[in-house]
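Novice: Using the hints, put the two chains back together into the complex; each one sits in its own frame.
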Amino acid sequence: MNKFQGTADYIASHDLSVAVNAAITLEKPLLIKGEPGTGKTLLAHEIAKALGKPLYTWHIKSTTTAQQGLYEYDAVSRLRDSQLGNDKVDNIANYINKGKMWQAFEADEKVILLIDEIDKADIEFPNDLLLELDKMQFFCYETGEEIIAKHRPIIIITSNNEKELPDAFLRRCFFHYISFPDRETLKEIVAVHYPNLEEQLVESAMKLFYEIRNQRNIKKKPSTSELIDWIKLLLVGKINAQELDDVMEGKRGTPYLGALLKNEHDKAIIR
Amino acid sequence: MFLDFFLLLKEKGIPVTLREYLDLLAALDANVAEYNVDDFYFLSRTVLVKNEEHLDLYDQVFGVYFKGMEQIQSSDILNIPDEWLRKNGERLFSREELENIKSQGDLESLIDRMAELLKEQKERHQGGNKWIGTGGTSPFGAYGYNPEGIRIGQDESRHRRAIKVWDKRTFKDLSQDEELETRNMKMALRKLRILSREGRTEEIDLDKTIKSTAKNSGMLEVEMAPSKKNVVKVLLLFDVGGSMDDHIALCSQLFSAAKYEFKHLEFYYFHNCLYENVWQQNERRWDGKIPTESIFNTFNSDYRVVFVGDASMSPYEIFSRMGSVEHYNDESGQVCLKRMIEQFPYFVWLNPLSKSEWKYTESIGMVQKIMKDRMFPLTIKGIEEAVGVLKKKAK
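Those sequence lines, one after another, are chains A and B. Position in the first sequence (from 1) plus 20 gives the number in this note's numbering. Position in the second sequence (from 1) plus 14 gives the number in this note's numbering.
Chain B with its partners taken away, still in its complex shape (with noise of 0.2 Å):
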């Protein structure tokens, strides 16, 4: 009965799957969460999200869903089963309401009475989408309310306080731009590996065992090694802003797959070229600016550098002081690019411009150069090739 709701959740970008929605049911079959809006809101919650970035989401399609009536099914309304109009109905009324409702016969054959109401009131105003809540003074007055309980976009008391806890958005800072499919992504960065054996010994080194035991004239001796580990470190450079707008899918799923495949991965942000600061939220860009410099401090040459920009500017941008666009710079882009890649000899470049645009590009052909030739476009073929360079320091 929840159907059109889930798929309006897997339409919006949640990744609902059939399993989840059968969760659902069955949580609900199992009578898990009271019946009322706020537990049917954490349940529903607990069971189809299932990562804190959707969380947001989740509240703006459940706000949206719960009180845009006119998107229910009117049939679905009337398939709700009774208990859930019942407490609900519990809840909702005053002692006094309820007296009087008792006056008026016993609540079963009042809830037999508002399914029927619905049913007209259906017919009455096809279309509409207000079509619950006549309200009045007559005895379903107070059960106008009843499915208003269903319906949680309502400004009455209680609901004021359900509708709240999804539509105060708790969740915004979590959801962060989707994850989309970047599998092959991560497959191409994990032949960016540096094994090597290092801490504490906890495998068998059967050569040397076989060796040692040979030696203890057939005892067991048992000689340990470390395990080999990837002890890969990358730096990820992004520009952002301007040009970069369009490629903002794309570096999303690059970020994505590199802090999925490495233990080590720092992440700076720049726009159009390296000047003397860079920063790491976007939306901190000036009180939080940190100075490149200090990336130099801070990690050691080990660090494989990965700059992620579409190298498109105005030429003044890299080899002019003061030719930046949003500030006064004392040192030229290419200044502060070459000194980077002094520092750590392991780079590349990864563009997002597929590599036949580059020749239209003034400054794509510069940074190229001041790159040495380290440029890949982002796409996997080019990232496979970034990855075999990065092994290698630059001469």
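Pulled out of the complex, with its shape left as it was, chain A reads as follows (with noise of 0.2 Å):
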């Protein structure tokens, strides 16, 4: 199994990637927590594309139960189908919808699993998936198989902190907090971003961004992909160094702030 390392589009921490390495050599679920915007969903994807692998993704969402990442079952289209006459109906695997777990588990080579902010499900959720992600199978019982995991897939989950998470499943997985990058390391993603961007103007939106960010005031801190973002809105609107470095002398009002601030409170503060 080659080492993730970061890819050409992603720069990953040097602990982030022991933090990947070690969940991937153990296969054991690995938990990403971190402010909103440092790119946890965006590791998993950059996984995938760094191993070669596919990715399943699994957004969840506050309805979604635990069962529905493993499979359901359409009884609803079953009775229909009898009443129709169909031949589908004698089979009842006919009626198995698959979940992403499921498909995951019977894939012929090691994938990867994304489960996207599982905060944001109901509180017993994570707790409904404790053997599955332990042992890697689940039972169907409609069917009477056993779902057995072919290849250990690598699963990363992400979460916001919305909940808290239960301890049982929290020893099942590894854990890393994505930090906001140092300087440095925010320049090298806007390097990646934006290759040929001209030195001055990345000093100076890197100056102004820093300024925004510390800000004490400011509810919603922007991090790095609102900086992205707002990089390129600075080039679409041709914006230069010289404009930046005024609006740090107060002279004139940030540009594209709302590509920064997502909040009308903040946005009121730095203007």
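Hints in this document: simulated from the structure, not taken from any laboratory. Small disclaimer: the values here were computed from a predicted structure and weren't measured. Some clues are possibly wrong.
[Stated by the list, open to error] Here are the simulated PhoX-like pairs of lysine-lysine, each with C-alpha atoms no more than 25 Å apart in a straight line:
(1) B:Lys277 x A:Lys240
(2) B:Lys273 x A:Lys183
(3) A:Lys130 x A:Lys108
(4) A:Lys241 x B:Lys273
(5) A:Lys81 x B:Lys242
(6) B:Lys273 x B:Lys247
(7) A:Lys155 x A:Lys130
(8) A:Lys140 x B:Lys243
(9) A:Lys207 x A:Lys252
(10) B:Lys277 x A:Lys81
(11) B:Lys205 x B:Lys229
[Stated by the list, open to error] Stretches of chain B that chain A covers, calculated by requiring three or more beta carbons in the stretch to come under 8 Å of a beta carbon on chain A:
(12) 29-39
(13) 63-72
(14) 213-225
(15) 339-349
[What the hints assert, rightly or not] Away from chain B, derived, C-beta distances all over 12 Å, residues of chain A:
(16) Asp29
(17) Ala39
(18) Val40
(19) Ala86
(20) Asp101
(21) Glu165
(22) Ile167
(23) Cys193
(24) His213
(25) Glu263
(26) Asp265
(27) Leu277
(28) Ala288
C-beta atoms are modelled at their ideal positions from N, C-alpha and C, and glycine is treated no differently.
Specialist: Right, dumping it as structure tokens:
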């Protein structure tokens, strides 16, 4: 198995790569937390890219149940088919809709399974997946099949910390907290996205970005993804470094502030 | 071999279990990380710490443990696998040094010598904490660094980079008060449920389906209904500072249980009695003030308001203008409290003092009266009673 070191489009800090490689080697799920916009979800995509493996994404919503990740039995269509005299109806397997976990388990190669924003689900959700994550197997009652992962998938779980996760669940995962990148790393990240950017513009933009980020009263601090979007707008709007420096001196308002701050309250503070 | 470290973590309050320890050993066994201190720090952090709140504590323990050599049994050092030492050696030495070492014999034999040296040192410096790092000009002068490589708190160039990572304590902001045993409280709070069917239809309504299927002369006609959801909204108002300092542990338990249980939870702080301002971050108490009025404008009266405080203060702080101990208040605390409960008819006051103590403090009786006797002790039983009362409007 190749080691994950980040990709051409994704700068993974060294501690992150250690965490990812530990999770891959020991076949444990990796729980990723961090400020919004620091590339939690992107990580799974990049691991898939770097290792050349397919990615299965399971987006969690407030209504998602653990069972949906395994399979769903569509009793209603079966009943309907039975009334219509459809032959399909004899085999119950025709009405089992495989969920993302089942798909990942039965894949012929090691795959990456992203369980995105697990904290959005009900508080019992993680507890319902304990055995499945631990043993990578589950039982399908309708067909009496035992589904065992052919290759234990690399499982990446992201959380935004809206709810605390139960201890029993945490014990089964490795954990990594993506902290906001330091200046140097951030520069690298910007360089990955915009390789041909003028040095001066990057300097000024970063300076202004940190100035805004370090404001104490801000409710939602802008993070990496906001910076990337903002620089894109600066490029489109042909803003030059001088104009950004003018902002710093208070001669004009910040251009495209809406890309950095998503909150009326914050915008009023910065302007 | 890191058992002491593991036990120290546990002692300091990081919830590590045997499982994590075995995982760490397995990870080391599987050569997940390279044999150097940085990687070991990252790896052990990933395996042992499960919550960003504990990262800061972990950094501290890591720093202390690997700096204070007196806590490491020297036998642990000797048990560290050869490769670990060797890799560290390779990373530590400059090219000239390596050349120099080579001229003294191969790396292998030098490592053997070093192990011997370590043993000798142990005998020589029993009880001391600086027994490594002999240095000097012998062929092992350079090798003196090798054990230093294991010993993390050292100031050599490479290590300075290493030590920085955890000594920076990047995760300080994330650490909060430890979550204590909150399960009982969560269970008590769970009773505060207002179930209602709202939003998307996602459940089969069995009764209706049977009815309409029958109407449809036996052909299936599915009827859906929204599922039941807890829609309760909670506003927590905490008294902080002063006499409340004795109850911090209990209050943080309540807070973490409430945070876990309620989807719609808002919280504010006040001091002693509610006045015209509240705040949300204690360290920004003075510049982050929020007018109490704005709470009225922001939240509708469906919100269940829970005051948490010992209600122990001078009576002036409640009934008199300018009675606050901290600032000039235009309106008395009682006016603010009354306005609050008028706006939010579902409210309770939880008091961390036990009920038997209430009668000794005059102000508690006053607050209880204002609260229309909806004051309960902050115990499991008290919370259960409070939850029952919260479902009913105050008259």
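Novice: Hints first: check each against the structure and report whether it holds.
Specialist: We went through each hint and held it up to the structure:
A threshold of 25 Å between alpha carbons decides the hint, and for Lys277 (chain B) with Lys240 (chain A) the separation of about 19 Å falls inside it, so the pair holds. Proximity of Lys273 (chain B) to Lys183 (chain A) is assessed by CA-CA distance (about 7 Å); at most 25 Å being required, the pair is judged to hold. A distance of roughly 32 Å separates the Cα atoms of Lys130 (chain A) and Lys108 (chain A); the hinted pair therefore is violated under the 25 Å criterion. Distance hint between Lys241 (chain A) and Lys273 (chain B) is fulfilled; the C-alpha atoms sit about 22 Å from each other, no more than 25 Å.
Our distance criterion of 25 Å between C-alpha atoms is met by Lys81 (chain A) and Lys242 (chain B), whose separation comes to about 16 Å. Between Lys273 (chain B) and Lys247 (chain B) the alpha-carbon distance is near 11 Å, which keeps this suggested pair within the 25 Å criterion. Only pairs whose Cα atoms come within 25 Å are accepted, and Lys155 (chain A) paired with Lys130 (chain A) is accepted, the gap being roughly 15 Å. Proximity of Lys140 (chain A) to Lys243 (chain B) is assessed by CA-CA distance (about 14 Å); at most 25 Å being required, the pair is judged to hold.
For the given pair, Lys207 (chain A) sits about 15 Å from Lys252 (chain A) by alpha-carbon distance, which is consistent with the 25 Å threshold. Restraint check: the Cα-Cα separation between Lys277 (chain B) and Lys81 (chain A) comes to about 14 Å, which is no more than 25 Å; the hinted pair holds. Between Lys205 (chain B) and Lys229 (chain B) the CA atoms are separated by roughly 40 Å; this puts the pair beyond 25 Å, and the hint is violated. Counting residues of the stretch 29-39 of chain B whose C-beta sits closer than 8 Å to any C-beta of chain A gives 5, which meets the bar of three, so the coverage hint holds.
Check on the stretch 63-72 of chain B: 5 of its residues sit with their Cβ under 8 Å from a Cβ of chain A, so the three-residue criterion for coverage holds. Only when three residues or more bring their CB closer than 8 Å to a CB of chain A does the claim for the stretch 213-225 of chain B stand; here the count is 3, and the claim holds. Counting residues of the stretch 339-349 of chain B whose beta carbon lies closer than 8 Å to any beta carbon of chain A gives 0, which falls short of the minimum of three for the stated coverage. For Asp29 (chain A), the non-interface assignment is confirmed: its Cβ lies about 23 Å from the closest Cβ of chain B, beyond the 12 Å cut-off.
Not every Cβ of chain B is farther than 12 Å from the Cβ of Ala39 (chain A); the closest lies at roughly 4 Å, contradicting the non-interface assignment. Non-interface status of Val40 (chain A) relative to chain B is broken: a Cβ of that chain comes within 12 Å, the nearest being about 9 Å off. The non-interface label for Ala86 (chain A) is consistent with chain B: the shortest C-beta to C-beta separation is roughly 16 Å, beyond 12 Å. Listed as outside the interface, Asp101 (chain A) is inconsistent with that label: its C-beta sits roughly 10 Å from the nearest C-beta of chain B, within the 12 Å cut-off.
The Cβ of Glu165 (chain A) lies farther than 12 Å from every Cβ of chain B, with a closest approach of about 25 Å, so its non-interface assignment holds. Against chain B, the non-interface label of Ile167 (chain A) holds: every CB pair exceeds 12 Å, the least being about 25 Å. With a least CB separation of 7 Å from chain B, Cys193 (chain A) falls inside the 12 Å interface cut-off, contrary to its annotation. No beta-carbon of chain B comes within 12 Å of the beta-carbon of His213 (chain A); the shortest separation is about 24 Å.
A cut-off of 12 Å between C-beta atoms confirms that Glu263 (chain A) is not in contact with chain B; the least separation is 31 Å. With a closest Cβ-Cβ approach of about 29 Å to chain B, Asp265 (chain A) is found to remain outside the 12 Å limit, as its non-interface label requires. Every CB of chain B lies more than 12 Å from the CB of Leu277 (chain A), the least distance being 22 Å, so the non-interface label holds. Distance check on Ala288 (chain A): its Cβ is at least 15 Å (rounded) from any Cβ of chain B, clearing the 12 Å threshold; non-interface status holds.
Hint compliance for this structure: hints 3, 11, 15, 17, 18, 20 and 23 are broken, all remaining hints hold.
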